[in-house]
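**Q** Sequence:
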Amino acid sequence: MLCIVLGSGGHTAEMVRLLSGVDFDRYSRRLYIVGDTDVISLDQIGMLESRRDDEKDEYFVGRVPRSRRVGQTWLTTPISVLQCFGQVTRLMYQHMPDAVLCNGPGNCVVVCVVATIARVLGVKRIPIIYVESFARVNTLSLSGKIMYLLADRFIVQWPDILQQYPQAEHVPNLV
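If you count by the working numbering, then the sequence shown holds residues 436 to 610, one letter each, in order.
Hint data in this document are derived by calculation from the structure and do not stem from the laboratory. There's no promise every hint is true.
[Unchecked claim] Using C-beta positions, here's what the derived DEER-type ranges look like: (1) L597 - W509: 19 to 25 angstroms; (2) L597 - L556: 29 to 35 angstroms; (3) D492 - L584: 30 to 36 angstroms; (4) G444 - T508: 31 to 37 angstroms; (5) K559 - V457: 18 to 24 angstroms; (6) P513 - L584: 16 to 22 angstroms; (7) T574 - K491: 39 to 45 angstroms.
A virtual CB, placed ideally from N, CA and C, is assigned to each residue, including glycine.
Please work from the sequences and hints to get the whole structure.
**A** Encoded structure:
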């Protein structure tokens, strides 16, 4: 099972383009994790999955509280992160994905922390693939800076970022 983390707006658009290159025969089971107020991503999942015409395919959508809302104060962020963490933990242990694919929404950090905890506790090794947004030309996003430490594969789409983050992989024109 492939766990795919969707954010709103640009993150979702980029992820949908990324998913066009995923081998759905290998990942016939998918878990999409989306923010509880993100209706755009739900629509995108519906459109993407409706194009699939394979009876053995199975997908689940897990809606979780956002780890941090746009404009939310840093003072209240730990509370929303813990709420998100609880829901993500339940989903991840219920579905036990084989890999996580994410590209930068704040919730992806929580998902990947849960995957890392599963690895450290010896529950399951869940590889994490992080693709930094196409819009990040010279610097990483906050999520990217955190995910650089957690991801098994950290992919950037612009070569200038490699100077500061040499463990990153440069894959141009991914989305």
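**Q** A separate judgement is required for each hint: does it hold in the structure or not?
**A** Going through the hints against the structure:
1. L597 - W509: 19 to 25 angstroms: 30 angstroms, violated
2. L597 - L556: 29 to 35 angstroms: 33 angstroms, holds
3. D492 - L584: 30 to 36 angstroms: 33 angstroms, holds
4. G444 - T508: 31 to 37 angstroms: 22 angstroms, violated
5. K559 - V457: 18 to 24 angstroms: 20 angstroms, holds
6. P513 - L584: 16 to 22 angstroms: Between P513 and L584, where Cβ atoms are some 19 angstroms apart, the hint holds.
7. T574 - K491: 39 to 45 angstroms: Between T574 and K491, where Cβ atoms are some 42 angstroms apart, the hint holds.
Checked against the numbered hints above, the structure breaks hints 1 and 4 and satisfies the rest.
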